[in-house]
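> Chain by chain, the residues run as shown.
Protein chains: 2
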Amino acid sequence: MERPGPRPGKRFVFVLCDGLGDRPLEPLGGKTPLEAAETPNLDEIARLGVSGIMDPIKPGVRPGTDVGTLANLGYDPYAYYRGRGPIEAAGVGIKLRPGDVALRGNFATIDDRWIVIDRRAGRIREGTRELAEALSERVKIPGVEVLFKEATEHRLVVVIRGEGLSDKISDSDPGATHEGEPVRRVEPLDDTPEAARTAEIVNEMLRQAHEILKDHPVNVGRVKRGLLPANAIITRGAGMVPDIPPIGSLYGVRGFCVAGESTIVGIARMVGMDATIPPGATGNIDTDTIKKAEVALEALKKGYDFVLISVKGPDIAGHDGNIEGKMEIIRKIDAMVGRLLDEVSPDDTYIALSADHSTPCSVGDHTADPVPVAIAGPGVRVDDVTRYGERDAAKGGLGRIRGVDLVPIVMDLMFRTKKYGA
Amino acid sequence: MERPGPRPGKRFVFVLCDGLGDRPLEPLGGKTPLEAAETPNLDEIARLGVSGIMDPIKPGVRPGTDVGTLANLGYDPYAYYRGRGPIEAAGVGIKLRPGDVALRGNFATIDDRWIVIDRRAGRIREGTRELAEALSERVKIPGVEVLFKEATEHRLVVVIRGEGLSDKISDSDPGATHEGEPVRRVEPLDDTPEAARTAEIVNEMLRQAHEILKDHPVNVGRVKRGLLPANAIITRGAGMVPDIPPIGSLYGVRGFCVAGESTIVGIARMVGMDATIPPGATGNIDTDTIKKAEVALEALKKGYDFVLISVKGPDIAGHDGNIEGKMEIIRKIDAMVGRLLDEVSPDDTYIALSADHSTPCSVGDHTADPVPVAIAGPGVRVDDVTRYGERDAAKGGLGRIRGVDLVPIVMDLMFRTKKYGA
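First to last, the sequence lines map onto chains A and B.
Residue numbering for the first sequence follows the working numbering, beginning at 1 and increasing consecutively.
Residue numbering for the second sequence follows the working numbering, beginning at 1 and increasing consecutively.
In case anyone wonders, no lab produced these hints; they're calculated from the structure.
Since the model is a prediction, treat every value here as computed from it, not as a measurement.
Hints are all accurate, no fakes.
Identical copies look the same in the list; a pair holds intra-copy or inter-copy alike.
Distance condition first, Cα-Cα at most 25 Å in a straight line; then the derived DSS-like pairs of lysine-lysine: (1) Lys10 with Lys58; (2) Lys168 with Lys140; (3) Lys95 with Lys302; (4) Lys168 with Lys419; (5) Lys395 with Lys31; (6) Lys332 with Lys31; (7) Lys10 with Lys31; (8) Lys418 with Lys168.
With the rest of the complex left out, here is chain A (with noise of 0.2 Å):
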């Protein structure tokens, strides 16, 4: 017998807004900067499918950017998030493996009794990259391999390889409320032996980073400029890299990301997706979020049936307290949606909108406040919700979900699941 329509759609396209949701405005006589900005393409989504309220890990929970994300796309971060360092490594383009410990770093600025003067060495760009090749050429340590690798700004990844390590040590950047005082002594966190080996690894690895760096002609270039010299590295955010199914291998699509940002390359590059950062693509509002949709569309035509595009705009508007810019941004992203709309139809195509936490403008960080979604596609149970806004969404036919249900909902919408039981 011959199935009735709709049939499932084949391809997944999920707009991911960092920060997005946010709380009830004075200045905007009550509403969310998504209530009050005009949304035609956000709405349309809406519309033509079905929406939710979701807790990106669970109630009352507040969520960092990578385990938003990470939860976002389907894994559950109390299994899978280890440290930030693995992200910010595969967002280099680092391959970690088994065993590998990766920590977050920062070029910094010490004094002869090691107190950082600068947790950011004058803001350094440029001339990091040979900082961190002299580093992985010179920095030796009997047993194991350390591997330097520079990031934005003022930021790099430091990865130590070879057996018997653990990254269960404490961070040697003091942070930045502690500024003036000196770099911390990493210390392990655990009993084990192999915290301890690690922790003695990376108090050497800083010492001779220190003697490496002071006399490198960067720095002293930089001396003679009149700025602060890059000449310590401080850590943070030991992890290792974890045992995490590729999203390929559990659902057999084919992931790709357009980001503004490394660490939500990173996070893709984790779970097995391609990821780049287009020209124009910033991590802020100013980011060209049409050139995001151009590029996402391409990635279709190039066979990816599984397109995540993050935006990070809306949060740092929400640090800021920034409610003009949030609106800003959000009409971007409308933008970027109704770019999509012109060459993809919810016809053939699951299109999810969502957020991987909310940052609202009165706070000015990351609360636990649900974020709406909305899920637009073949077969979808489209509700009554035309709207797309958080008080919008909570009427809406998906109810309350969990960051973790929203992948393996569309992905059972597109018939991609494994059936449990018989």
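Start from chain A and add chain B according to the hints.
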């Protein structure tokens, strides 16, 4: 102080419709079969009760009927599902003991190279009892007892009883898409000696079964009449009986199940319910739903206070993409509930409508789409929903719950749950 009414009800009738949930269908103008069919009695339950949507397992997980039904009865399948074999064994009336390994099987036709000519032995329907009896009598394997019991049509159940067995063994049945291939050698699925031994036992059992069956008078007769002989058995779904607490021990209820097929009977028995397939009840659209209602009413009169009525038909129609058939069986379920309401009142009895999973006509297989639920009875927080359908239910007062939640919710309404804490 005297308590105001209504007092909690004392009985629960649970109507569980296999594969009932669906997706919007083009031939129905975007309605689902449940939304499109006239269902005054189902709607009455929704009108008098509280509605919601339910993920049988969790969002995005596509349930089989076995795990979906276990979950609907309040048992977490991740804890209690041990494969289909034990369920089928219970379905045909074998009382399994702890340590028994039960397998589903087919009578099949193989050639002298053990190539599977027909996985169903020409859909044999007669003589399987004699064949199973011959096997139980004549298969001899040192250290274990082997029981054979015929099931519906070409199916049977095999039980290996003895010490030191394991259910971690592969299937000998090559599967529907591999007819024309040899019977598979059963292999251990882990490194334990128990799995290796059990695999060897099953292989030896298959060898002896062929020797016994090939010259059995039933098969000699079949060949004479030009029918394929049931000259072998093929096995799948090995499992051991789970250590599952009877529903009576959890809530003090006496459970009875009215079903149309042996799988549901097996699950009901496994959780300690009595169960029957009444005359006229089938696993298809042609089932006599009025008879089922009458048998359920008799069970209530006999003192059973938890009566499950399972109707398989919607699943069959969904698998076939048969919209008209799905609407027909839905109308028959509606008439069944009408018959129940002739004699049972939600003033003193809980009546719940649910499903083990969705089987959308547009997909032709189980999906993870949530199913609609409605619960009527004394004290429920009656909501605004007046129709029993996927999208009406989503607006109901229950919100979005999980399969394992439903029975505990009703048992709590009946004041049959234990207090947690003090």
